[in-house]
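We have chain A; now place chains B, C, D, E and F onto it with these hints.
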Amino acid sequence: MNKLQKQTFTFISRTAPYGSNRPQLCLDTALAAAVFEQQVNYVFMEDGVYQLLKNQDAKAIHTKTIGKTLETLDLYGIENTYVCNESLESRGLSLGDLVIKPKLTKGDELKTVLNSSDTVINL
Amino acid sequence: MNKLQKQTFTFISRTAPYGSNRPQLCLDTALAAAVFEQQVNYVFMEDGVYQLLKNQDAKAIHTKTIGKTLETLDLYGIENTYVCNESLESRGLSLGDLVIKPKLTKGDELKTVLNSSDTVINL
Amino acid sequence: MKFTIVVYAAPYSSQAAATAFNFSKTLLDEGHEIYRLFFFSDGAHNTNKIARVPQDEINLQASWDELIRDYDLDSAVCVSSAIKRGIVDEQEAERHELSTVSLFKSSEIAGLGQLIDAAINSDRLLNFG
Amino acid sequence: MKFTIVVYAAPYSSQAAATAFNFSKTLLDEGHEIYRLFFFSDGAHNTNKIARVPQDEINLQASWDELIRDYDLDSAVCVSSAIKRGIVDEQEAERHELSTVSLFKSSEIAGLGQLIDAAINSDRLLNFG
Amino acid sequence: MSTLHTISKSPKSHLLRECLPLVDKGDGILFIEDGVYYCANNKLSDDFESDITWYGLKEDLNARGLELDDIKAIQIINYKNFVEICEEFDKVISWF
Amino acid sequence: MSTLHTISKSPKSHLLRECLPLVDKGDGILFIEDGVYYCANNKLSDDFESDITWYGLKEDLNARGLELDDIKAIQIINYKNFVEICEEFDKVISWF
Numbered sequence: 009m010n011k012l013q014k015q016t017f018t019f020i021s022r023t024a025p026y027g028s029n030r031p032q033l034c035l036d037t038a039l040a041a042a043v044f045e046q047q048v049n050y051v052f053m054e055d056g057v058y059q060l061l062k063n064q065d066a067k068a069i070h071t072k073t074i075g076k077t078l079e080t081l082d083l084y085g086i087e088n089t090y091v092c093n094e095s096l097e098s099r100g101l102s103l104g105d106l107v108i109k110p111k112l113t114k115g116d117e118l119k120t121v122l123n124s125s126d127t128v129i130n131l
Numbered sequence: 009m010n011k012l013q014k015q016t017f018t019f020i021s022r023t024a025p026y027g028s029n030r031p032q033l034c035l036d037t038a039l040a041a042a043v044f045e046q047q048v049n050y051v052f053m054e055d056g057v058y059q060l061l062k063n064q065d066a067k068a069i070h071t072k073t074i075g076k077t078l079e080t081l082d083l084y085g086i087e088n089t090y091v092c093n094e095s096l097e098s099r100g101l102s103l104g105d106l107v108i109k110p111k112l113t114k115g116d117e118l119k120t121v122l123n124s125s126d127t128v129i130n131l
Numbered sequence: 003m004k005f006t007i008v009v010y011a012a013p014y015s016s017q018a019a020a021t022a023f024n025f026s027k028t029l030l031d032e033g034h035e036i037y038r039l040f041f042f043s044d045g046a047h048n049t050n051k052i053a054r055v056p057q058d059e060i061n062l063q064a065s066w067d068e069l070i071r072d073y074d075l076d077s078a079v080c081v082s083s084a085i086k087r088g089i090v091d092e093q094e095a096e097r098h099e100l101s102t103v104s105l106f107k108s109s110e111i112a113g114l115g116q117l118i119d120a121a122i123n124s125d126r127l128l129n130f131g
Numbered sequence: 003m004k005f006t007i008v009v010y011a012a013p014y015s016s017q018a019a020a021t022a023f024n025f026s027k028t029l030l031d032e033g034h035e036i037y038r039l040f041f042f043s044d045g046a047h048n049t050n051k052i053a054r055v056p057q058d059e060i061n062l063q064a065s066w067d068e069l070i071r072d073y074d075l076d077s078a079v080c081v082s083s084a085i086k087r088g089i090v091d092e093q094e095a096e097r098h099e100l101s102t103v104s105l106f107k108s109s110e111i112a113g114l115g116q117l118i119d120a121a122i123n124s125d126r127l128l129n130f131g
Numbered sequence: 638m639s640t641l642h643t644i645s646k647s648p649k650s651h652l653l654r655e656c657l658p659l660v661d662k663g664d665g666i667l668f669i670e671d672g673v674y675y676c677a678n679n680k681l682s683d684d685f686e687s688d689i690t691w692y693g694l695k696e697d698l699n700a701r702g703l704e705l706d707d708i709k710a711i712q713i714i715n716y717k718n719f720v721e722i723c724e725e726f727d728k729v730i731s732w733f
Numbered sequence: 638m639s640t641l642h643t644i645s646k647s648p649k650s651h652l653l654r655e656c657l658p659l660v661d662k663g664d665g666i667l668f669i670e671d672g673v674y675y676c677a678n679n680k681l682s683d684d685f686e687s688d689i690t691w692y693g694l695k696e697d698l699n700a701r702g703l704e705l706d707d708i709k710a711i712q713i714i715n716y717k718n719f720v721e722i723c724e725e726f727d728k729v730i731s732w733f
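Chains as they are written, first to last, in the numbering used here: chain A, 9 to 131; chain B, 9 to 131; chain C, 3 to 131; chain D, 3 to 131; chain E, 638 to 733; chain F, 638 to 733.
Same shape as in the complex, but just chain A:
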């Protein structure tokens, strides 16, 4: 590896869990960025907010329960978590339904997050 400067990575996770592996890909990459001591932002948008629902249990479909991992995101060094308010509301959800309490954001705040990012992974 070449020099590892500290940069800002933003991960936008927009898809529902279990139907595809995109939430897991996004999470794995963010965890790798955190391990390499990068600045990490993690944004849940659109169907991605479903990843944060309580009471997930993927045993019956023989898969890891992603909600359980997301509960401990901060332990992995990912503290800047965001959830899109409009995505929650349009799905009849509120912060109380989620396993963690990300910052509630709207478009303009997210623009600021993206503008300050060197790399954006959008899954």
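Rather than coming from a laboratory, the hints here were simulated on the basis of the structure. Owing to the predicted nature of the structure, the values given are computational and were not obtained by experimental measurement. Even for Gly, the Cβ is constructed at its ideal location relative to N, Cα and C. A hint or two may mislead.
[What the hints assert, rightly or not] Listed next, with one range per pair, are the computed distances between beta-carbon atoms:
hint, chain 1, residue 1, chain 2, residue 2, range
1, C, GLU35, B, ASP116, 33 to 39 angstroms
2, A, GLU79, B, LEU112, 31 to 37 angstroms
3, A, GLN47, E, ILE722, 38 to 44 angstroms
4, B, GLN13, E, ASN715, 31 to 37 angstroms
5, B, LEU112, D, GLU99, 57 to 63 angstroms
6, B, ASN123, F, MET638, 54 to 60 angstroms
7, A, GLN47, C, ASP31, 49 to 55 angstroms
8, E, ASN715, C, HIS98, 42 to 48 angstroms
9, A, LEU112, B, LEU112, 46 to 52 angstroms
10, A, LEU83, F, LEU657, 33 to 39 angstroms
11, B, ASN123, F, ARG654, 32 to 38 angstroms
Only chains B, C, D, E and F this time, still in chain A's reference frame:
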């Protein structure tokens, strides 16, 4: 192979060409059904209507031009072609924009087609 | 009742192949019959014998192979889907001068006629993609 | 300018892998540099050396291999994506007691750290899925 | 001829809206995989017509943490029942 | 910091609507693959804002038989230009 009775197959092709291989899978399977002398209905719905646009030329993306094959569907024994009127209209298209002239249909007629089908492949 | 199961999706990237597997296993457990499994498009990847999976995860390719052998199922992979995805049996490996065989012995390379035949001779055909 | 190209999609079932290839080829033709190709998830299927394709179609796996060798590119396949999809080099084949190697010699098995490194050390990172 | 329709993508796909014009009285609609999020949205379930039988796959609902009590118009079935209803309907059309 | 956004799915995906709240003045949006169908629909192109630069990939438009004359607000570019505009913007975000 076991006995090959004559049955009715309906193919619903709902996706745009080139972005995915689903239009080609649907077409290949229908052609196989026709080769085995089955009764074949072919329905273009939703983004599937884009497969029928004139002036396609997929050389630049190194792919077969599906519109060219669809032009000759009847030569392969697939004469019962349908296009969903609402799918055309909502995309600002009319029969004149298409390489063939399928029957213009609405929901109720398609229900009848499906009801008379033994197998439906829906891509 | 005789079912045919058509799988369009690769394992792991979407849930569809796993759903097809669970459905197939359940119907066999319930005493029904599978006339044919047909792996089409990216579904061909389900028949790759080379894959290995971490111990805490399901090896879907190996699970299909086991199910097919346990119930002596007819399992077909679309030939044109398979070859371009690196899924070859001994005969295709030889024809294409490849040194490796990647298809499980439990599945066979087949044409789309086998899918039409299966639709005709099954009571139900289910597509998973 | 230094680009990193991340490919999430398998060849043939969607256009994304072909777009990634065309983009990569064009940027190299234009005198730019590729810091790293990174094949992730179903993108791993692009590095399978076993595939054969009808003569009137593009063999995308072989095209990648040729491009990588022509320009001596750094090409990495995510290790956990690769192994469960049957993409193994000699070392992984040995470790998992597999008799076959399916990965083109032009690509290397790598961890996600190589993706993070590439993002840091490239001017632009593009994702194709 | 009655048909069982399976829907396996989240409401963002609009698959239900695509499929409904082709669904006949007496048909069934089964939500599987990410399709089960259709069961979670109260706004959507108002649209569930009563001359269609609605099903949701238990294993997929449980995985996603969707509370079953909220869902009135929908029968929660497991894989075994999924096989059973494939027998009850004359054919199956998959929407994905 | 300006961003180039690429959109590679047809309008059915609603990717443009998803992406727009995150698109800043001075950003660019490039339609590729099935995303180029966004260029075909007149109703949609009325929404194309003028403080964003809009692009469509020529190779993908040609493949799909989309007539270039109809598209006023959109710059038609080829792969070579695609590489060039990746330099002009500070980063690229892919929507797929």
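A quick look at each hint next to the structure:
Judged by the Cβ atoms, the range 33 to 39 angstroms given for C:GLU35 and B:ASP116 holds: they are separated by roughly 36 angstroms. The hinted window of 31 to 37 angstroms between A:GLU79 and B:LEU112 is violated, with their beta carbons roughly 53 angstroms apart. Under the hint 38 to 44 angstroms, the C-beta atoms of A:GLN47 and E:ILE722, about 51 angstroms apart, miss the expected range. Remark: the range hint 31 to 37 angstroms for B:GLN13 to E:ASN715 is upheld by a beta-carbon distance near 34 angstroms.
In this structure the supplied range 57 to 63 angstroms holds for B:LEU112 paired with D:GLU99, their Cβ-Cβ distance being about 60 angstroms. Judged by the Cβ atoms, the range 54 to 60 angstroms given for B:ASN123 and F:MET638 holds: they are separated by roughly 57 angstroms. A C-beta distance of roughly 51 angstroms is found between A:GLN47 and C:ASP31, which places it inside the suggested range of 49 to 55 angstroms. Between E:ASN715 and C:HIS98 the Cβ separation comes to about 44 angstroms, which falls inside the hinted range of 42 to 48 angstroms.
Remark: the range hint 46 to 52 angstroms for A:LEU112 to B:LEU112 is upheld by a beta-carbon distance near 48 angstroms. The supplied range of 33 to 39 angstroms is met by A:LEU83 and F:LEU657, whose beta-carbon atoms lie about 35 angstroms from each other. The beta-carbon spacing between B:ASN123 and F:ARG654, approximately 36 angstroms, falls within the hinted interval of 32 to 38 angstroms.
Hints 2 and 3 from the earlier list are contradicted by this structure; the remaining hints agree with it.
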